[in-house]
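So the protein sequences, as listed, match chains H and L. Quick note: the first sequence uses the working numbering, first residue 1, plus one each step. Quick note: the second sequence uses the working numbering, first residue 115, plus one each step.
The hints are simulated quantities; they were obtained by calculation from the structure and are not laboratory data. Note that beta-carbon positions come from the ideal geometry of N, C-alpha and C, so glycine has one too. Just so you know, not all the hints are guaranteed correct.
[Stated by the list, open to error] Below, a sample of chain L positions facing chain H; criterion: calculated Cβ distance under 10 Å:
| no. | residue |
| --- | --- |
| 1 | Phe159 |
| 2 | Phe179 |
| 3 | Val188 |
| 4 | Thr192 |
| 5 | Gly225 |
[Stated by the list, open to error] Stretch-level coverage of chain H by chain L, calculated; a stretch enters the list once three of its residues show a Cβ under 8 Å from a Cβ in chain L:
| no. | segment |
| --- | --- |
| 6 | 29–42 |
| 7 | 45–53 |
| 8 | 99–113 |
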Amino acid sequence: DQQVKQNSPSLSVQEGRISILNCDYTNSMFDYFLWYKKYPAEGPTFLISISSIKDKNEDGRFTVFLNKSAKHLSLHIVPSQPGDSAVYFCAASPGGGSNYKLTFGKGTLLTVNP
Amino acid sequence: GAGVSQSPSNKVTEKGKDVELRCDPISGHTALYWYRQRLGQGLEFLIYFQGNSAPDKSGLPSDRFSAERTGESVSTLTIQRTQQEDSAVYLCASSLGVGTGVGNTIYFGEGSWLTVV
Chain H
1 DQQVKQNSPS LSVQEGRISI LNCDYTNSMF DYFLWYKKYP AEGPTFLISI
51 SSIKDKNEDG RFTVFLNKSA KHLSLHIVPS QPGDSAVYFC AASPGGGSNY
101 KLTFGKGTLL TVNP
Chain L
115 GAGVSQSPSN KVTEKGKDVE LRCDPISGHT ALYWYRQRLG QGLEFLIYFQ
165 GNSAPDKSGL PSDRFSAERT GESVSTLTIQ RTQQEDSAVY LCASSLGVGT
215 GVGNTIYFGE GSWLTVV
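Work the whole structure out from these sequences, hints included.
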């Protein structure tokens with residue numbers, strides 16, 4: 001039973017265009033959401049996060065949108081750069097005493113073509 | 115180094131053998147996590163250590179898996195009588211504080227790639 005789903009295994013975009021990566025979740029106890037980026041043979045690195053009390057968080061070229069009613073979040077990268085090519089994982093954690101426990105999606109491989 | 119360090123980076127073992135994976139967290143980080151990623155899957159939570167509190171072992175898949183941590187430093191993950199389904203990347207992570215809130219980034223190591231043949 002996957003509680004965090006990334007339905008697109010891969011995405012290809014042209015340099016300079018917008019990349020939109022999507023994520024859906026089923027557990028209504030999740031109240032904090034994160035995106036991690038992973039290059040081959042490296043560990044995941046934190047990219048951006050959002051609390052459930054917000055619907056948008058922006059950091060430079062990266063913006064995360066949260067739609068709680070739809071249990072959906074998305075990561076927008078604009079403009080996309082070739083160095084953004086990586087696997088992107090969506091993750092979520094519950095509130096309360098288990099807020100350290102992350103549940104991850106399977107990841108989306110983003111390829112940005114020059 | 116400044117990051118989370120894991121060893122070995124790669125391990126091939128025969129089915130039925132025991133393996134031990136090591137993690138050196140970032141100095142001063144009180145929280146330490148183990149995750150694993152099997153092929154084509156997302157990261158799965160295994161275990162969480164926080165200071166001297168009892169660890170959360172709820173993610174360990176079977177009693178063949180165990181983990182220890184000495185104080186707020188090194189952790190070892192031990193898999194006994196390895197099976198082929200244990201083949202995965204085992205990722206260790208650490209953070210300064212508790213939880214995933216704003217300002218408490220979880221930093222991952224590069225992982226230990228385990229192949230059971």
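Each hint tested on the structure:
Hint on L:Phe159 holds. Least Cβ distance to chain H is approximately 5 Å, under the 10 Å limit. Taken as an interface hint, L:Phe179 does not check out: its beta carbon lies about 16 Å from the nearest beta carbon of chain H, beyond 10 Å. Interface restraint check for L:Val188: the shortest CB-CB distance to chain H comes to about 17 Å, outside 10 Å, so the restraint is violated. For L:Thr192, the interface hint is violated, since its Cβ never comes within 10 Å of a Cβ in chain H; the closest pair sits about 21 Å apart.
Against a cut-off of 10 Å between C-beta atoms, the interface hint on L:Gly225 holds, since the closest Cβ of chain H lies about 6 Å away. With a cut-off of 8 Å between beta carbons, the segment 29–42 of chain H has 5 residues touching chain L; three or more are needed, and the interface restraint holds. Figure legend: the segment 45–53 of chain H, annotated as covered by chain L; annotation consistent (4 residues with Cβ-Cβ distances under 8 Å, at least 3 required). By the rule of at least three residues with a Cβ nearer than 8 Å to a Cβ of chain L, the coverage given for the segment 99–113 of chain H holds, with 9 such residues.
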